[in-house]
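Trainee: Each chain, written out:
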Amino acid sequence: MSDNPYQDDHGNKDASITNTKGIGTMQPAHLKSGPTHKVDGGPFLIGDTMTGGYGKGPDILHDCTIAVDKGEIAVIVGPNGAGKSTAMKAVFGMLNVRSGAVRLDGEDITQLTPQDRVVKGMGFVPQTSNIFTSMTVEENLEMGAFIRTDDFRDTMEQVYDLFPILRDKRNQPAGELSGGQRQQVAVGRALMTKPKVLMLDEPTAGVSPIVMDELFDRIIEVARTGLPILMVEQNAKQALEIADKGYVLVQGRNAYTGTGKELLADPEVRKSFLGG
Amino acid sequence: MDLLNALVALTNYVIVPGLSYGSQLALGALGVTLIYGILRFSNFAHGDTMAFGAMVTILLTWLFQSAGLSAGPLPTALLALPFGILGTIALMLLTDRTVYRFYRQQKAKPVIFVMVSLGVMFIMNGLVRFIIGPGDQRFTDGERFVISARTFKKLTGLDEGLAIKTTEALTVVTAVIVVAVLFWFLNKTRTGKSMRAYSDNEDLALLSGINPERVVMYTWMIVAALATIAGVLYGLDKSFKPFTYFQLLLPIFASAIVGGLGNPIGAIAGGFIIAFSEVTITYAWKKVLTYGLPESLAPDGLVQLLSTDYKFAVSFAILIVVLLFKPTGLFKGKAV
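Chains Y and D supply the protein sequences, listed in that same order. Our numbering puts the first residue of the first sequence at 1, with every later residue one more than the last. Our numbering puts the first residue of the second sequence at 277, with every later residue one more than the last.
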């Protein structure tokens, strides 16, 4: 997978000398942030005609564009392996974007590291391993607010109001919660930074249909506060129903773009991706 | 039968030495377990880090002694200890900058770090011997006993004496304070929590804006302090010899693994388990048994299960048993 000899563990699986639990797997495109510059106009967050792949590997995205504006929910759907999560990661700076740009709030942030994008106001909820399992719910939220130097108790109250179950479980280790509750912790943690845009990678993966409906309701509730949300979803139909903007990706390219309603009504999209 | 004397002899030869040795191992194992939990590899250079910290402290102690500074009844080394810690922190941060950081940037696998730490171990080993020499160094001064055997006998009128060395009392008290501060730090402070978060999930810590380099730096600083304190206490209690510290790595790792690698409470428990097993199995029980048993049952031999030369075998026997039956350690650690 990697041609870096330092990343070859020679088959060692001995956990009494190496601890691989929770080890970092992210491969940021930049280890150090480059310059940013102001640009005029355009949507609030846009990954504009991005082409690129992981490290020195082949291109996965080809001229892919995704954008979200204030107060909107944008959803990326598509078949397996279409590059949905990859597109999201590209926007977050974990993919080598060889051409194209990422702009947030009138600033070109293509050269920034993921950490600096967090500081710029991007909140990201990964698909898996998105909570600190050994820490309590409250500590998870505190860690979400790590970059904030002001008093974040108000934000924590807002998160608890949004997800009341978390208030009851605040002192419980997050790893002991159910799947749906864990996703709430994950979203809550990302909200603690007071992000300007929230990016969710398959927030409903692996939860029951009832929990899924509830999570979607909460996501709409968050979007109503004016926070733009960009999310990747496996459950295309439900996701497009709540989407202001939808992107159907196929093999790393934009196949169809439109409002959620348009895409749902489009016979081509229905036939190919929504099961008729 | 004379149970009171048996109890005093037991306390004198087993419990007091076990407690102080256990505290020293626990402090050492805490350092190992922190590196394992947060930096994700077994740091084989830990014994030599202890030796380096102790060495800096010893050199400063001699300087202080020659300048006429003293801590009254307490060892002068206590005055030199903060400076020893600073020196070790400097060395750790230098090592991290020049060696480990390169591998971090390469996203090297943990097993590579283990091998790197072996190299660091040999270099530090050489550095310590080069500066202070391979020989035995004594640097203990101040009052020798909190209570000596003779005073104890006079006070109680018993045949058996109970001696508690100042260094033993100091070891236990220091260990309790250090452990309390460490746990408070890890569980209550923002920095401590960020270290736990990094240990739990590196990627998510990054997404939360926690700076990994900061976490690594704090970890090395804490580990340097723990190693120096453990090294100095061990040296005060016994004596300082670079090779002994190198060997200490074995019971320290045994403690950390028995308790559950990556779990600080486990490291402390493991330290005491290993210490007490070593002491009880290598102690000649003749005296205690002669007091404790009816005269007809009194043993003729020494009743020493193993010679003290085999004490490392004891820690490893326990280690193997624990790894066979409870591989995650007695307290839930992170090892499989």
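Think of the hints as simulated: they come from the structure by calculation, not from any bench. Any given hint could be a false lead.
[Claimed, not checked] Label pairs and their in silico Cβ distance ranges:
1. Y/His10 / D/Pro349: 50 to 56 angstroms
2. Y/Arg153 / D/Gln381: 51 to 57 angstroms
3. D/Phe601 / Y/Gln7: 52 to 58 angstroms
4. D/Thr465 / Y/Asp69: 36 to 42 angstroms
5. D/Ile453 / Y/Lys13: 35 to 41 angstroms
6. Y/Val119 / D/Phe519: 48 to 54 angstroms
[Said to hold, decoys possible] Straight-line Cα separation of at most 30 angstroms, DSS-like style, residue types lysine-lysine; simulated pairs:
7. Y/Lys21 / Y/Lys38
8. D/Lys429 / Y/Lys21
9. D/Lys464 / Y/Lys169
10. Y/Lys120 / D/Lys430
11. Y/Lys56 / D/Lys464
12. D/Lys563 / D/Lys429
13. Y/Lys169 / D/Lys563
14. D/Lys562 / D/Lys430
15. D/Lys562 / Y/Lys194
16. Y/Lys32 / D/Lys430
17. Y/Lys38 / Y/Lys13
18. Y/Lys120 / Y/Lys38
Don't be surprised by glycine CBs; every beta carbon is placed ideally from N, CA and C.
Trainee: Sort out which numbered hints this structure fails and list those numbers smallest first.
Mentor: 2, 3, 7, 8, 10, 11, 13, 15, 16, 17
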